[in-house]
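Asker: Position 414 (the sequence shown) corresponds to 415 in the numbering used here; numbering is contiguous.
These are calculated hints, taken from the structure and not from any lab test. Just so you know, nobody snuck in bad clues.
Restraint-style ranges between C-beta atoms, simulated for each label pair:
| id | residue 1 | residue 2 | range |
| --- | --- | --- | --- |
| 1 | Ser249 | Lys24 | 23 to 29 Å |
| 2 | Val50 | Asn197 | 29 to 35 Å |
| 3 | Val292 | Thr515 | 28 to 34 Å |
| 4 | Thr206 | Asn277 | 56 to 62 Å |
| 5 | Ser249 | Thr304 | 19 to 25 Å |
| 6 | Val300 | Arg32 | 38 to 44 Å |
| 7 | Val322 | Gly210 | 19 to 25 Å |
| 8 | Arg32 | Val395 | 36 to 42 Å |
| 9 | Gly93 | Thr160 | 54 to 60 Å |
| 10 | Ala131 | Gly51 | 19 to 25 Å |
Just so it is clear, CB atoms sit at the ideal spot from N, CA and C, and this is done for glycine as well.
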Amino acid sequence: MTMTTAGVIFILSLLAALAAVHKPFGDYMFRVVSGQRQSRVERGMYRLVGVDPAAEQSWGVYARSVLAFSAVSILFLYAFQRLQNHLWLSLGFDPVVPHGAWNTAVSFVTNTNWQSYSGESTMGHLVQMAGLAVQNFVSAAVGIAVAVALVRGFARSRTGELGNFWVDLTRITLRILLPVAVLGALALMAGGVVQNLSGGTEVTTLTGGTQTITGGPVASQEVIKELGTNGGGFYNANSAHPFENPTSWTNWLEIFLILLIPFSMPRVFGRMVGQNRQGYAIAAVMAILAVASITLTNVFELTGNGTVPQAVGAALEGKEVRFDVSNSATFAAATTLTSTGAVNSFHDSYTALGGMTPLVNMMLGEVAPGGVGAGLYGMLILAVITVFVAGLMVGRTPEYLGKKIGSREIKFASLYFLITPLLVLVGTAAAFATGNNSTALNVGPHGLSEVLYAFTSASNNNGSAFAGITVNTTWWDTALGLCMLLGRFLPIILVLALAGSLARQQPTPASEGTLPTHRPLFIGMVVGVTVILVALTFLPALALGPLAEGL
2 MTMTTAGVIF ILSLLAALAA VHKPFGDYMF RVVSGQRQSR VERGMYRLVG VDPAAEQSWG
62 VYARSVLAFS AVSILFLYAF QRLQNHLWLS LGFDPVVPHG AWNTAVSFVT NTNWQSYSGE
122 STMGHLVQMA GLAVQNFVSA AVGIAVAVAL VRGFARSRTG ELGNFWVDLT RITLRILLPV
182 AVLGALALMA GGVVQNLSGG TEVTTLTGGT QTITGGPVAS QEVIKELGTN GGGFYNANSA
242 HPFENPTSWT NWLEIFLILL IPFSMPRVFG RMVGQNRQGY AIAAVMAILA VASITLTNVF
302 ELTGNGTVPQ AVGAALEGKE VRFDVSNSAT FAAATTLTST GAVNSFHDSY TALGGMTPLV
362 NMMLGEVAPG GVGAGLYGML ILAVITVFVA GLMVGRTPEY LGKKIGSREI KFASLYFLIT
422 PLLVLVGTAA AFATGNNSTA LNVGPHGLSE VLYAFTSASN NNGSAFAGIT VNTTWWDTAL
482 GLCMLLGRFL PIILVLALAG SLARQQPTPA SEGTLPTHRP LFIGMVVGVT VILVALTFLP
542 ALALGPLAEG L
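Could you build the full structure based on these sequences and the hints that come with them?
Answerer: Right, here's the structure in full:
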């Protein structure tokens, strides 16, 4: 069997599995976020923190709850790292330096999981388990909760209430993320992923030397790393490390976990608005963009330009031999189409156009299917922009799901779209203007691509890196930390403001002039708007970086 054939089978089996679970898992999540019954554990948690689960919140209160919870989480995780030498299972590690602790705290709370450190030589087991892994759960739950609040804005009318953040956070964590994570961790352990509290084992090598084999609670962190589209690896080599990702089938499972919730969220959307076909339309847009990206990444890596890639039939540099080129390329596409950021190969070693594809995936806003929750609300923002553009074409007030898209709504949507490009382009320019691009291992177009990739990854809350640039300096930790904060919470505020505006409206009955938003025409329009907006925004930067290098 050729590498290309094996890659095609790998991708088709993945697509078939995602299609099979789309409806049942989406329906299960819908029941979780829409149900009224509270479990005994949940009631105890609400009493502990003083929350009335029956009280709903306006968009402003919901947003303040998100910000307050995230602020406390950052402070807690920062203190955890700075005091780790006094904690149990510290493994003798020193406290994390202030700028590194700040960057990591912000990174994990914003669901970015960008790492400027080597996990196995920096973090003790307790910090990994009770600090980083916990944030992997709750930061993912925050994203899903915000998406659900936006959908409630479409589904409800003449009300200012969008639900209760604390109830959403608790239910999503306990009923969705935790059960799937337990099952996934058991599967990964069966596949050979490490799960222990070992501080390291001394072994004798074939040459007679000694080597320390680092252990730890890897499987429990690996599964939520992928399921919650987080991305922070227990080891520096991330999912290329055999203790995190031992075999081809665990590689398949990890990609499946990355895409499971994001591709099922459109089903939740359809059920909540009472029109399943609307959910299928959003899922179709996501699938078209995802299949195009996965295909292009594979093509560029399997038929890469250059004497050596053409001689051996693929670009093998930077790829883990256990997964071959195609499986690595598919992983790279999946991790940047979502906000995961996990890697099982070095994106910096990809061909020029192969490395550009993950970069473009993030520039799309990670909406195909995007991060858990964040992908759905990003795609719905693009749908709002699309119906607004369509309304201008025919000279009538645009409507989406019975809600008018007026000046207030389109301002929120436009500002949402403009935040990330502003952070990416200003950050990249600042790095070059201040001379902080000088640590790049490469110069010219590839050096620009490395800096551009770093700010694109941070601002989109992705977390992957070209890995050819040193970023563990005070300037980089501070700059990327600010991009992660602003890139996460400014869009969330705008999404919740839009939800509040939509929820207060009275539904407008559909008429002959209403644009059907479940048909192929609208699906094609959303795909076109997504690609065109990215092209108009980022094409000059891409032309100076990967396009110049590739052409």
